[in-house]
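Q: What follows is the residue order along each chain.
There are 2 protein chains.
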Amino acid sequence: MTDDTTASTDPEPDDGGPAPILFYFEFSSPYSYFAAHKIDDMARLYDRAVEWRPILLGPLFQSSGNKPLTEQPLKGVYSKHDMARCARFFGLTFDFPDPFPFPAVAAARAVWWLKDQKGEAWGDEEGAHKLALALFDAAYADGRDIRSAEAVVELASGLGVDAHALSTALGEQAVKDRLRVEIERAVEAGVCGAPFFVVDGEPFWGADRLDHVERWLATGGW
Amino acid sequence: MTDDTTASTDPEPDDGGPAPILFYFEFSSPYSYFAAHKIDDMARLYDRAVEWRPILLGPLFQSSGNKPLTEQPLKGVYSKHDMARCARFFGLTFDFPDPFPFPAVAAARAVWWLKDQKGEAWGDEEGAHKLALALFDAAYADGRDIRSAEAVVELASGLGVDAHALSTALGEQAVKDRLRVEIERAVEAGVCGAPFFVVDGEPFWGADRLDHVERWLATGGW
Numbered sequence: 009m010t011d012d013t014t015a016s017t018d019p020e021p022d023d024g025g026p027a028p029i030l031f032y033f034e035f036s037s038p039y040s041y042f043a044a045h046k047i048d049d050m051a052r053l054y055d056r057a058v059e060w061r062p063i064l065l066g067p068l069f070q071s072s073g074n075k076p077l078t079e080q081p082l083k084g085v086y087s088k089h090d091m092a093r094c095a096r097f098f099g100l101t102f103d104f105p106d107p108f109p110f111p112a113v114a115a116a117r118a119v120w121w122l123k124d125q126k127g128e129a130w131g132d133e134e135g136a137h138k139l140a141l142a143l144f145d146a147a148y149a150d151g152r153d154i155r156s157a158e159a160v161v162e163l164a165s166g167l168g169v170d171a172h173a174l175s176t177a178l179g180e181q182a183v184k185d186r187l188r189v190e191i192e193r194a195v196e197a198g199v200c201g202a203p204f205f206v207v208d209g210e211p212f213w214g215a216d217r218l219d220h221v222e223r224w225l226a227t228g229g230w
Numbered sequence: 009m010t011d012d013t014t015a016s017t018d019p020e021p022d023d024g025g026p027a028p029i030l031f032y033f034e035f036s037s038p039y040s041y042f043a044a045h046k047i048d049d050m051a052r053l054y055d056r057a058v059e060w061r062p063i064l065l066g067p068l069f070q071s072s073g074n075k076p077l078t079e080q081p082l083k084g085v086y087s088k089h090d091m092a093r094c095a096r097f098f099g100l101t102f103d104f105p106d107p108f109p110f111p112a113v114a115a116a117r118a119v120w121w122l123k124d125q126k127g128e129a130w131g132d133e134e135g136a137h138k139l140a141l142a143l144f145d146a147a148y149a150d151g152r153d154i155r156s157a158e159a160v161v162e163l164a165s166g167l168g169v170d171a172h173a174l175s176t177a178l179g180e181q182a183v184k185d186r187l188r189v190e191i192e193r194a195v196e197a198g199v200c201g202a203p204f205f206v207v208d209g210e211p212f213w214g215a216d217r218l219d220h221v222e223r224w225l226a227t228g229g230w
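So the protein lines, in turn, are chains A and B. Heads up: the first sequence begins at 9 in our numbering, then just goes up one per residue. Heads up: the second sequence begins at 9 in our numbering, then just goes up one per residue.
Each hint should be verified, as a subset may be incorrect.
It does not matter which identical chain is meant; a pair holds if it fits inside one copy or across any two.
Below, in silico cross-link-like pairs of lysine-lysine (DSSO-like), each with a Cα-Cα straight-line distance of 30 Å or less [what the hints assert, rightly or not]:
hint : residue 1 : residue 2
1    : Lys88     : Lys126
2    : Lys75     : Lys126
3    : Lys46     : Lys88
4    : Lys138    : Lys184
5    : Lys75     : Lys88
6    : Lys126    : Lys138
7    : Lys88     : Lys138
8    : Lys138    : Lys75
Rather than coming from a laboratory, the hints here were simulated on the basis of the structure. As the structure is a prediction and not an experimental result, all values here were calculated from the model.
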């Protein structure tokens with residue numbers, strides 16, 4: 009466990025300003041894709057940073073006994089309809105990925121790895137946001153398959169990330185452990201789905217809570 | 009099966025105006041309580057009627073394999089926190105019922121029965137709305153137990169409903185069948201949870217879709 013890891017769990021901004029918004033998301037989650045396109049702009053309105061934290065819903069589902077919404081009777085049909093309608097509501101391009109759900113472990117590990125490359129080109133939070141958004145757009149707007157490590161590396165490379173360094177990192181135990189530990193921490197912190205936001209300790213689950221997140225940012229709570 | 013039952017499934021307003029909003033709800037559902045306090049006012053803004061349709065989530069959970077949100081690991085803790093915060097967001101009094109979830113079969117049957125008493129005092133939709141709201145407020149604002157037929161009859165009686173007629177009705181097979189058939193129809197119509205709204209054939213699930221319902225009413229869809 010590095011100091012960086014500890015710092016990112018209980019973020020304390022260097023400038024003494026308000027704490028960043030914690031944004032937990034899963035690549036295999038259309039509602040996370042929508043939120044990923046909204047949260048940075050919203051945060052900026054209230055002078056907040058956003059800390060992006062990819063997780064995997066699989067381990068959460070094991071804890072909660074749930075399975076993906078789209079695979080549930082009744083809710084499956086509705087949720088696919090709702091996802092397409094939400095995309096139009098948010099003004100976002102949306103093609104439902106096939107297959108879905110899909111394993112996004114390489115994508116999630118790549119984002120955590122990039123977050124930890126502080127001081128390198130494309131490293132740190134900003135690069136991680138850009139890579140995460142690019143991965144989301146590839147999967148939901150461009151019909152691309154982002155499941156494999158090769159696909160993730162190719163896409164990251166196009167953004168200027170060192171392909172060799174990332175490719176090597178994705179095979180390292182420390183990088184695998186980083187994601188695993190962050191998912192365990194998310195569960196311990198009460199994260200019960202994705203997207204999930206924490207504003208000054210207050211938890212919000214779902215893209216349909218973005219209006220509550222915004223009011224919380226504007227008012228400090230109610 | 010009566011003609012009334014058929015008519016209420018595919019509502020055709022007498023005046024040739026726009027179809028009523030279908031509002032499916034479960035008394036043992038805090039999010040349904042919130043929606044019950046919002047949907048009529050919203051509909052009025054757009055000259056719509058609302059047809060209130062109580063259902064029971066138990067049979068839906070049997071179809072979908074779900075269980076109540078509050079009983080799920082991880083989601084249970086979050087959802088209770090979210091319900092209290094949503095109540096404040098909506099400006100509604102809210103005391104979490106104990107026990108919860110609770111069987112609301114008598115309450116649901118009473119509302120369907122009252123909807124069918126066309127031409128009687130307190131009968132038809134308007135009386136059914138008032139009884140349903142009174143039942144919700146009793147359970148969520150006044151800490152009252154609305155599980156038993158006796159409790160439902162006492163509350164309805166206070167609103168002017170004929171206590172003897174309702175009490176007798178709650179024991180009749182036809183009244184029991186009415187609710188059972190309506191739940192089956194709801195499942196066939198794709199209702200996957202509560203609250204659930206249908207506007208001109210467009211389905212919306214959850215109190216957190218009220219903003220989408222309102223935009224749909226205002227724009228005719230997107």
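Q: I want to check one pair: Lys126 and Lys138. Are their C-alpha atoms no more than 30 Å apart within a copy, between two copies, both, or neither?
A: within (15 Å within a copy, 61 Å between copies)
Q: Should Lys75 paired with Lys88 be assigned to within, between, both, or neither, using CA atoms and 30 Å as the limit?
A: both (15 Å within a copy, 21 Å between copies)
Q: First find the shortest C-alpha distance between Lys46 and Lys88 inside one copy, then the shortest across copies, and answer within, between, both or neither for a cut-off of 30 Å.
A: both (20 Å within a copy, 26 Å between copies)
Q: 30 Å Cα cut-off: does Lys88 pair with Lys138 within a copy, between copies, both or neither?
A: within (27 Å within a copy, 35 Å between copies)
Q: What label fits Lys138 with Lys184 when the C-alpha limit is 30 Å: within, between, both, or neither?
A: within (21 Å within a copy, 57 Å between copies)
Q: For Lys88 vs Lys126, is the C-alpha pair at or below 30 Å within one copy, between two copies, both, or neither?
A: neither (38 Å within a copy, 39 Å between copies)
Q: Are the CA atoms of Lys75 and Lys126 at most 30 Å apart within a copy, between copies, both, or neither?
A: neither (36 Å within a copy, 44 Å between copies)
Q: Measure nothing new, just compare the shortest in-copy and cross-copy C-alpha distances for Lys138 and Lys75 to 30 Å and report within, between, both or neither.
A: Cα proximity of Lys138 and Lys75: one copy only (29 Å, versus 38 Å across).
Of the numbered hints given earlier, the model fails hints 1, 2; all others are met.
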